[in-house]
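A.B. asks: Hints given; two lone chains; assemble the complex.
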Amino acid sequence: MFRHDHDAPNERFEAALSHLFAQYREALPDPEPSPDFTPRLWQKIEARQSTNRQVKWLARGFVTAAAAVSLLIGVFLALPQNHVSLFYTTTYLEILAADQGPDDPADVEMVRVEQAVHEPSR
Amino acid sequence: MLVEFELISRAREGDDSAYSQIVQAYRKRILGTIARLIGRPEDVEDVGQEVFLRLYFSLDQLRTPEVFEPWLYRVTVNAAYDYLRRHRRRREARMADLSEKQVMMADAAAGSRRQEAEQQHKRVRELVDSLLGAISEQDRILLSLKEIEGLSLKELAKIYHVNENALKVRLFRARQRVLKAYAGSQAAVAHAGGRE
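Residue numbers (my numbering), protein chains in the order written: chain A, 1 to 122; chain B, 1001 to 1196.
If we strip away everything but chain B, and leave its shape as in the complex, we get (with noise of 0.2 Å):
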């Protein structure tokens, strides 16, 4: 926890200055888990911001302060989702550009040993949220929160108020999709690799 159960406590009763030590506490982690579950840099203050307007109307229903943080999590989830839904992306383009992405990836690599650190990290972004445009807007977030931010199925399971099994058998499936798209971007690569 990032701030003291008391903190919160005074927040759900409308102590405004609680509250805005909350938001300073957890807007960052917030806005990176955000930022990695979008994928998209541009819009993730303002989804951010929807997240802790929610939870400013939404925080007298919380019934005890100890599960704050599952509670602030189900928010985002539930924001990052509205947003997802709403500019849902071309997942049939996405996919079909995907063998043609690794392929400009694989003639840059082959021209140039020498990556910036930045062009890196921008490649893998991209690499990535093809991967996941492969699987619904809910799945995504699942593995995204499993497998990006780390968090563990008991958190996931109070998150998502299901039970731990269900969620198994979920991030499973959504895993072996993405795996394959990244088995058929790989042999793309390969393959363009070979041409040379």
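Chain A extracted, bound-state conformation (with noise of 0.2 Å):
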């Protein structure tokens, strides 16, 4: 009965490894193209190409888009801004102090006087 080690594989199995892919290559010979192969494959590098220059132009599309963009933005923060803000721009407390600020002088004289003018009267 035969007998193998399998850590030592020996010169026997080399050579005949060796004969093995010989005849591996003998056994498979280069197939011939079939007829179609180039027109085929034409058609397919003239879809890959279409398919480059849809994406090209594409990219080309959203860099144009990009730059108008960039440009309009660029305009609008360059230009003055001469318009009142839709938003508030001063703080609850500011408010109060502009409408209930320190007494103006001339509204106590006013209270003065018409006090004065009764008094007489009584």
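No wet-lab data here; the hints were simulated from the structure.
Heads up, none of these hints are tricks.
Taking lysine to aspartate or glutamate and the DMTMM-like style, the derived pairs with C-alpha atoms no more than 20 Å apart in a straight line are: (1) K1158(B) / E1066(B); (2) K44(A) / D1046(B); (3) K1122(B) / D30(A).
C.D. replies: What follows is the structure, given as structure tokens:
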């Protein structure tokens, strides 16, 4: 019966394996390409080129759009801001201070004048 | 070289008729290499088309026409590797089936001494495919290029862009693994033969 040591494959196997590879080479000769090999290849090349063109066109469109948007934003920011803001720009305390500010001395005087007018009649 | 350097230069500059001539010259050889690398005749043309498609779109990256063939082999190896990775085989099952297959081969051989050449080729193909299933896709391709395609270490170094010593080590390890699988299969055959 055949004995085999898995850890040390001998020279006979080496030679047999080399022979087997050579036989494999003979068993699988270069195949003849089908008649439509080249036409099919060109179809694929053209399809890939068309896809590449579309991707380039889209990419160029995106770049142009991004440049236009950037330009618009730049122009908008560069314009002087004359309009009234739609948003509150003052704090609540500032508004209160503006309404109930330090008493106007003229108002105080008016009160005193009124009192002076009423006293003699009493 | 199967074509003139001048033709490669023209193709690189975008001459489609020059590229067609290159395809015409190399397609048979490349299809043969692919057939032996992937071991599936039904998919050889598709992988071959992928090779020439990739080559067309990468030709402008070729530095000089002198390195065209290693470049073409490199593209072929990458396409074959991608194919094998996509169609990863169930190696465990294949290896488990190996001894059974060998037993059947031994039975067939014992039953009839006269074998058709095609049957013999088929058996060789099945056996080598099974053995190469014992190693990774990358090693399978490397070993096939060396042992079956007959490329030299120098040529392989150009294709893989690594030094020859590193390739030697990788090849040695891959071959040892295949050898082990082969020894195992032969033991199974001998065992089956001994039962008769």
